[in-house]
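**Student:** Given next are the chains, with one letter for each unit.
Number of protein chains: 2
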Amino acid sequence: MVSAKMYELGTKKSTIRTIFEFGRKRAAEVGEENIFDFSLGNPNVPTPDFVRDAAIEILQTYEPAQVHGYTVAPGNPKVRETLAASINQRFGTHFAGKNLFITSGAAAAITICFKALAEEGDEFITFAPYFPEYKVFVESVGAQLKVVKPRPEDWQIDFDDFQKLLSPKTKAVIINSPNNPSGAVYSKETITRLTDILKAQGRDIFLICDEPYRELAYGVEVPYVPNFYDNALVCYSYSKSFSLPGERIGYIVVPDEVADFEKIYGAIAGAARVLTHVNAPSLWQLVVAKCAGKSVDITPYERNGKLLYEGLIAAGFECVKPQGAFYLFPKALEADDYAFCERAKKYDLLLVPGADFGAPGYFRAAYCIKQETIERSLPLFKKLAAEYRG
Amino acid sequence: MVSAKMYELGTKKSTIRTIFEFGRKRAAEVGEENIFDFSLGNPNVPTPDFVRDAAIEILQTYEPAQVHGYTVAPGNPKVRETLAASINQRFGTHFAGKNLFITSGAAAAITICFKALAEEGDEFITFAPYFPEYKVFVESVGAQLKVVKPRPEDWQIDFDDFQKLLSPKTKAVIINSPNNPSGAVYSKETITRLTDILKAQGRDIFLICDEPYRELAYGVEVPYVPNFYDNALVCYSYSKSFSLPGERIGYIVVPDEVADFEKIYGAIAGAARVLTHVNAPSLWQLVVAKCAGKSVDITPYERNGKLLYEGLIAAGFECVKPQGAFYLFPKALEADDYAFCERAKKYDLLLVPGADFGAPGYFRAAYCIKQETIERSLPLFKKLAAEYRG
Numbered sequence: 000m001v002s003a004k005m006y007e008l009g010t011k012k013s014t015i016r017t018i019f020e021f022g023r024k025r026a027a028e029v030g031e032e033n034i035f036d037f038s039l040g041n042p043n044v045p046t047p048d049f050v051r052d053a054a055i056e057i058l059q060t061y062e063p064a065q066v067h068g069y070t071v072a073p074g075n076p077k078v079r080e081t082l083a084a085s086i087n088q089r090f091g092t093h094f095a096g097k098n099l100f101i102t103s104g105a106a107a108a109i110t111i112c113f114k115a116l117a118e119e120g121d122e123f124i125t126f127a128p129y130f131p132e133y134k135v136f137v138e139s140v141g142a143q144l145k146v147v148k149p150r151p152e153d154w155q156i157d158f159d160d161f162q163k164l165l166s167p168k169t170k171a172v173i174i175n176s177p178n179n180p181s182g183a184v185y186s187k188e189t190i191t192r193l194t195d196i197l198k199a200q201g202r203d204i205f206l207i208c209d210e211p212y213r214e215l216a217y218g219v220e221v222p223y224v225p226n227f228y229d230n231a232l233v234c235y236s237y238s239k240s241f242s243l244p245g246e247r248i249g250y251i252v253v254p255d256e257v258a259d260f261e262k263i264y265g266a267i268a269g270a271a272r273v274l275t276h277v278n279a280p281s282l283w284q285l286v287v288a289k290c291a292g293k294s295v296d297i298t299p300y301e302r303n304g305k306l307l308y309e310g311l312i313a314a315g316f317e318c319v320k321p322q323g324a325f326y327l328f329p330k331a332l333e334a335d336d337y338a339f340c341e342r343a344k345k346y347d348l349l350l351v352p353g354a355d356f357g358a359p360g361y362f363r364a365a366y367c368i369k370q371e372t373i374e375r376s377l378p379l380f381k382k383l384a385a386e387y388r389g
Numbered sequence: 000m001v002s003a004k005m006y007e008l009g010t011k012k013s014t015i016r017t018i019f020e021f022g023r024k025r026a027a028e029v030g031e032e033n034i035f036d037f038s039l040g041n042p043n044v045p046t047p048d049f050v051r052d053a054a055i056e057i058l059q060t061y062e063p064a065q066v067h068g069y070t071v072a073p074g075n076p077k078v079r080e081t082l083a084a085s086i087n088q089r090f091g092t093h094f095a096g097k098n099l100f101i102t103s104g105a106a107a108a109i110t111i112c113f114k115a116l117a118e119e120g121d122e123f124i125t126f127a128p129y130f131p132e133y134k135v136f137v138e139s140v141g142a143q144l145k146v147v148k149p150r151p152e153d154w155q156i157d158f159d160d161f162q163k164l165l166s167p168k169t170k171a172v173i174i175n176s177p178n179n180p181s182g183a184v185y186s187k188e189t190i191t192r193l194t195d196i197l198k199a200q201g202r203d204i205f206l207i208c209d210e211p212y213r214e215l216a217y218g219v220e221v222p223y224v225p226n227f228y229d230n231a232l233v234c235y236s237y238s239k240s241f242s243l244p245g246e247r248i249g250y251i252v253v254p255d256e257v258a259d260f261e262k263i264y265g266a267i268a269g270a271a272r273v274l275t276h277v278n279a280p281s282l283w284q285l286v287v288a289k290c291a292g293k294s295v296d297i298t299p300y301e302r303n304g305k306l307l308y309e310g311l312i313a314a315g316f317e318c319v320k321p322q323g324a325f326y327l328f329p330k331a332l333e334a335d336d337y338a339f340c341e342r343a344k345k346y347d348l349l350l351v352p353g354a355d356f357g358a359p360g361y362f363r364a365a366y367c368i369k370q371e372t373i374e375r376s377l378p379l380f381k382k383l384a385a386e387y388r389g
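Chains A and B, in that order, are what the protein sequence lines are.
The opening position of the first sequence corresponds to residue 0 in numbering that gives the first Met the number 0, with each subsequent residue numbered one higher.
The opening position of the second sequence corresponds to residue 0 in numbering that gives the first Met the number 0, with each subsequent residue numbered one higher.
Bound conformation, chain A alone (with noise of 0.2 Å):
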């Protein structure tokens, strides 16, 4: 009566959602505050008065038509070039609107990007811990995800494995940096050789730079993609950025190197027109145009990251340092990080298995939480260890 695969995708409840709704569970029994939730990657820092501010002044002073009419599919030409400058103006980079094309986030972006490329029998490369999504967004256009083995020293490119998975059925590779799980941020040492040996294989292959994370970089510097390679698709979201995962909206650059930019656009414009997309929500493109250049502060999250890390440490953990986004990914105390996981929820510390992220014996630490939180959960860190310990 309905599509099995739709049903299937719709109602399997994922590891988070669980934890999620143990959480949930547990905080009735014994107070939110005792709760240690570190499974949720939802920004903590608050949208930017800014971004508030700009979205207030839009509403007051333009015309309605202007801010909630319909806008051609690809955003409104205006916010493209203003949003092209930016990019210019941080990257060295030389868009014009026409490179951009706008998007209701990057889980749309990325997706738009796998359904304007996949053909029949194309497969698509990323590399573990990644964001698990990827896979369902990849069959769901009819191609295949091949993973590439972690790197657990440091979170970087295992390039053996990878030149491996590569094959003439190579349409695309995904990367994410910074990254979701690991927090880890591609050097320019590892964009190089990656592109070096896509450059090698004497034939267009698409790197896909899904960069919800870019602006949540602690120290590091995060190479923009385009500037080292040709044939680079940059999908951002300004969830993170601003703050706005619930409003939708981020962007896709195609630049003019690409092997064949009519035709790339051409398909992305008609894979937004079939999933749906037909203008990212309008008021969000004005008000990000608006604010083009500006981004929260991420000192909150560099401080809980350097805590949490800091404190895993003295506890026992193996963990590496973070350098973006929001996530720590340490080493279980156990082979089995679901059982690992199942052991810290005695102590009400919520935290998700690294096999989610196709790195078993590993889990995911979400640190965009409040700081108290982390301070009080470190004594339950150790308590956990010393249990391991014996």
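If you're looking for bench data, these hints aren't it; they were derived computationally from the structure.
Don't take each hint at face value.
One copy or two, either will do: identical chains are not told apart, so a pair holds if it fits within one copy or between any two.
Here are the computed lysine to aspartate or glutamate pairs in the DMTMM-like style, where the Cα-Cα straight-line distance is at most 25 Å [as the list claims (entries may be wrong)]:
| hint | residue 1 | residue 2 |
| --- | --- | --- |
| 1 | 262 | 138 |
| 2 | 4 | 119 |
| 3 | 4 | 121 |
| 4 | 4 | 203 |
| 5 | 344 | 371 |
| 6 | 381 | 7 |
| 7 | 4 | 256 |
| 8 | 77 | 31 |
| 9 | 198 | 261 |
| 10 | 289 | 62 |
| 11 | 345 | 355 |
| 12 | 345 | 20 |
| 13 | 289 | 52 |
| 14 | 97 | 20 |
| 15 | 168 | 7 |
Fit chain B to the known structure of chain A by using the hints.
**Tutor:** Showing chain B alone in chain A's frame:
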């Protein structure tokens, strides 16, 4: 290199787009005020002040995370409760929040339903004249669209042809009332007869009610289909009722009475997920709940419709009297509606051929434009008609 299908869908210029571009070119030559553009279905009644005021109040008084955070995929639970209560009050239904799934407008709503329901080999039926994107959206989910021939005397339903097209492959029937492009509102008799036929099939056939124009009806009742038929899914949008087409906000109603509520609602969630409609824009969810039960003043549309209708009749056109939406669908003055619309261009009258909507020999004139433009166009329609009389 890219999906040929997506490229085609993203680049093939639609008739309306071509007309639009002609209009822009002519406006540059002869001045905006000398172009009579009846081609676009954009609401021209401004977004009401109560909508703007609600948005500003929410931005000024709510916690940012409450406004701009992710909502659960089906939408903010309190918003759904409020909208359900408002629907119940208007239509005597008994929906709860769980019966609503908030979407990014009606295009997303209908396509999510198509994707949720479609299985290999399925057929969907709709009625000419019809919104041409139906075909694109139905085919994009792997199903086939069958089109019942038009009934030009009143643009209600040709039931004989409908019964010929019904088959064991029919998964769902799509209706759009008030109708784009005909302006007809399906009467209680039409809905009763349609649902009686569906009930007599002895199996579950869904009735997808695409209702972006529900609020735009002039002195006629628009029957609420769930009161007639159990397997009805109602797709609504605030694009027209609040003049918010660019903000992408609407919903699907899934009544308890559908064949299997849990299966259908679950499949809808899965379809929204793979179409990457993560959640409907969160500010606008709150705004429409705050404005529940209100709508724009439709008298400008009603006045325009009457003015254009009477003017066309006086000029010698044949046309069904407008009942709803903001379109007239008169008979072209020659059998070839494309040739007719080309000839109208000589007078800078921009009209859309009926063949684009599956009803050759007619044309669409959207009257959601300035009253003055309509007034000044009437002598030109007269000249055009005189030309045909020779």
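**Student:** Would you mind marking each hint as holding or not holding in the structure?
**Tutor:** These are the hints, each one checked on the structure:
When the C-alpha separation of residue 262 and residue 138 is checked against a cutoff of 25 Å, the pair qualifies both within a copy, at 22 Å, and between copies, at 22 Å. When the C-alpha separation of residue 4 and residue 119 is checked against a cutoff of 25 Å, the pair qualifies both within a copy, at 19 Å, and between copies, at 12 Å. Within a single copy, residue 4 and residue 121 get their C-alpha atoms as close as 20 Å, and across copies as close as 15 Å, so both meet the 25 Å cut-off. Taking the shortest alpha-carbon separations for residue 4 and residue 203, only the inter-copy value of 19 Å comes in at or below 25 Å, while the best intra-copy value is 32 Å.
For the homomeric pair residue 344 and residue 371, the shortest alpha-carbon distance inside one copy (19 Å) is at most 25 Å, but the shortest distance between copies (69 Å) is not. In this assembly of identical chains, residue 381 and residue 7 lie within 25 Å of each other by CA distance neither inside one copy nor across copies; the values are 39 Å within and 59 Å between. In the homo-oligomer, the alpha carbons of residue 4 and residue 256 lie at most 25 Å apart only across protomers (23 Å), although the nearest pairing inside one protomer, at 38 Å, exceeds that limit. Within a single copy, residue 77 and residue 31 get their C-alpha atoms only as close as 45 Å, which misses the 25 Å cut-off; across copies the closest is 21 Å, which meets it.
Taking CA atoms no more than 25 Å apart as the test, residue 198 paired with residue 261 passes inside one copy only; the shortest distance there is 21 Å, against 49 Å between copies. In the homo-oligomer, the alpha carbons of residue 289 and residue 62 lie at most 25 Å apart both inside one protomer (16 Å) and across protomers (22 Å), since each shortest distance falls under that limit. In the homo-oligomer, the alpha carbons of residue 345 and residue 355 lie at most 25 Å apart inside one protomer (21 Å), although the nearest pairing across protomers, at 63 Å, exceeds that limit. In this homomeric assembly, residue 345 and residue 20 come within 25 Å of each other (Cα to Cα) only inside a single copy, at 15 Å, whereas the closest approach across copies is 65 Å.
With identical chains, the CA atoms of residue 289 and residue 52 are at most 25 Å apart both within one copy (10 Å) and between copies (21 Å). In the homo-oligomer, the alpha carbons of residue 97 and residue 20 lie at most 25 Å apart only across protomers (18 Å), although the nearest pairing inside one protomer, at 44 Å, exceeds that limit. Taking CA atoms no more than 25 Å apart as the test, residue 168 paired with residue 7 passes between copies only; the shortest distance there is 23 Å, against 28 Å inside one copy.
The structure fails hint 6 only (numbered hints given earlier).
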